[in-house]
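Q: Chains as they are written, first to last, in my numbering: chain A, 1 to 304; chain B, 1 to 265.
Hints may contain errors.
Quick look at which bits of chain A chain B covers, simulated, 3 or more residues with Cβ under 8 Å [claimed, not checked]:
| # | region |
| --- | --- |
| 1 | 87–99 |
| 2 | 202–214 |
So the derived label-pair ranges between C-beta atoms look like this [said to hold, decoys possible]:
| # | chain 1 | residue 1 | chain 2 | residue 2 | range |
| --- | --- | --- | --- | --- | --- |
| 3 | B | 248 | A | 272 | 25 to 33 Å |
| 4 | B | 49 | A | 256 | 54 to 62 Å |
| 5 | B | 153 | A | 75 | 42 to 50 Å |
| 6 | A | 122 | B | 32 | 37 to 45 Å |
| 7 | A | 296 | B | 153 | 29 to 37 Å |
| 8 | B | 9 | A | 74 | 53 to 61 Å |
| 9 | A | 159 | B | 34 | 21 to 29 Å |
| 10 | A | 217 | B | 41 | 31 to 39 Å |
| 11 | A | 217 | B | 171 | 58 to 66 Å |
| 12 | A | 226 | B | 9 | 46 to 54 Å |
| 13 | A | 22 | B | 160 | 17 to 25 Å |
Don't read these hints as lab results, they were simulated from the structure.
Glycine included, each C-beta is placed from N, C-alpha and C at the ideal position.
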Amino acid sequence: MAAEAVRRPRPKGGGAVPFRALLWRFPWLRPVLLLTPPMAWFVLVYFASLVLLLITAFWSIDPFTTQIVQVWNTNNFRIILTEPTYRAIIGRTVGLAALVTVTDAALAFPFAYYMAKVASRRTQTLLFAAILLPLWASYLARVYAWILILNHSGVLNWSLQSIGLPAANIGYTNTAMWVVFSYIWLPFMIIPTYAALERVPDSLLEAAADLGARRWRTLRDVVLPLAIPGVVAGSIFTFSLTLGDYITPILVGGADSTFIGNVVYSNIGIANNVPFAAALAIVPVVIMAAYLLIAKRLGAFEAL
Amino acid sequence: MWARMALRAWAVLVLLFLFVPILLILFYAFNTSNVQSWPIPGLTTRWFTATWNDSSVRSSLGLSVQAGLAATALALVLGSCAAFAIHRTAFFGRDAVSLLFVLPLALPGIITGIALNAFFSFNGISLSLWTIIVGHATFCMVVVYNNVLARLRRTQGSLIEAAMDLGANGFQVFRDVTLPLISTAVVAGAMLAFALSFDEVIVTTFTAGAETTLPVWIFGQIRHGILLPEVNVVVSFVILVTIIPVVIAARLTGGGGTARVPAAR
């Protein structure tokens, strides 16, 4: 009976105790258990897919049966690198992605500077919230809005005519793509640029002024070097997102607006040449990898 | 002084540039004419009824909601697990793993799309609602991960230690301390994940097969220039569905995880 009284009641949820002990004894068990489901998903689905994409790029299809022939060859890449059509498409895609990135950086920098250094605390919060809305608002809706603006009888021409200017028929051209891409990805540039500028201490600006630097000198020698990593971080997004897009070229581009993504898309759907599509999809990946390496040199990852 | 004025003017112009197109769409939804020209001749709500009664809109809306909810649920579990693991422990290769987790948002959607497409066809999996969910969960997970991780980084470890010192077991600590601290970030992450899934078109076109989600429906209509009055209504609706979660999420998290681009750390 005495033994009965001494026996402590088992803690509630008795089953959990050995497990807890196990976790205590092997501290690495917790992260491993937590990391297993997402890692399994990533490795088994996403990573496996990416690897398969890379392998598929070296296969080909039988031209008569359109069945995939799993024989290692580099024909797809040879065609992509030697055919003038594909080289033109790659050049156009990369060129426009670069142009959009520069445009967005130019639009975003003064805005981000105003947000971070000039606006009151309250305005700053409001502006941040105001940038979040177009950042998240439907991509398709925002592209579609520009179809309505740029078409013949759209808002743009109406505005131009009402102030006595000739109509600008830039709908369904590469110019339209430039405008729409710059519009869509602008918030992706503003936020990292703002984050970088916000971290520039005001004391540095005061110190520069005390040392006799004029406004432009301070901007060039103090603010800009500190803001560059943020701009580069933003450019990763504007560049990469433009590079991989095919919806905007279809919707607002013209006959001469084919992007890498469009060729990939048509090779999946109509032509059903998955190996060729895969090889072409590797192109933006390689370009992005090179871009990320440069970005790392410029310190963009510290800004991320 | 002039510089300040110029900067302020620039800020106003950029805001107009960002918001006028969005507001314009909301206007067009009430257009009486079925020709999409400006200025619109009058205002009507008849397209709202017409759209609501369109069975193709309804079925694609249903599919989008199903895909969004399922992908969000998956993303919640996987993203939170990943955030906890990355936050809690320093281990070899942690930076590589955390980079891997943001890859689906950093790489162009077309890469994720075609990679998954190749993966499914290689494994003989036919495209269906399930393949859409798998595709969406992969990038939705990133949003949940970012939100939860941002919150965990701002949470003080001492609170958890205090709870443990006071005798709480692991489960109690999680239920009574950790969960209340991160719950708003989890909710915010979930809503943003749903918003992202609800609007996604690039990965979807590669993983949907014959299925039509709402964005795929919109894309098809715009592309062929048909039923544009209904497109105006649907698109306005999608704008609201993608914006409202952001407003709520920004309230819940103070903006931390809503940046979408890695900015707030």
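Q: With reference to the structure, classify each hint as holding or not holding.
A: Now the hints, each set against the structure:
no.: 1; hint: 87–99; verdict: violated (count 0)
no.: 2; hint: 202–214; verdict: violated (count 0)
no.: 3; hint: B/248 with A/272: 25 to 33 Å; verdict: 43 Å, violated
no.: 4; hint: B/49 with A/256: 54 to 62 Å; verdict: 41 Å, violated
no.: 5; hint: B/153 with A/75: 42 to 50 Å; verdict: 49 Å, holds
no.: 6; hint: A/122 with B/32: 37 to 45 Å; verdict: 41 Å, holds
no.: 7; hint: A/296 with B/153: 29 to 37 Å; verdict: 22 Å, violated
no.: 8; hint: B/9 with A/74: 53 to 61 Å; verdict: 55 Å, holds
no.: 9; hint: A/159 with B/34: 21 to 29 Å; verdict: 23 Å, holds
no.: 10; hint: A/217 with B/41: 31 to 39 Å; verdict: 56 Å, violated
no.: 11; hint: A/217 with B/171: 58 to 66 Å; verdict: 60 Å, holds
no.: 12; hint: A/226 with B/9: 46 to 54 Å; verdict: 25 Å, violated
no.: 13; hint: A/22 with B/160: 17 to 25 Å; verdict: 20 Å, holds
The structure is inconsistent with the numbered hints 1, 2, 3, 4, 7, 10, 12, although it conforms to all the rest.
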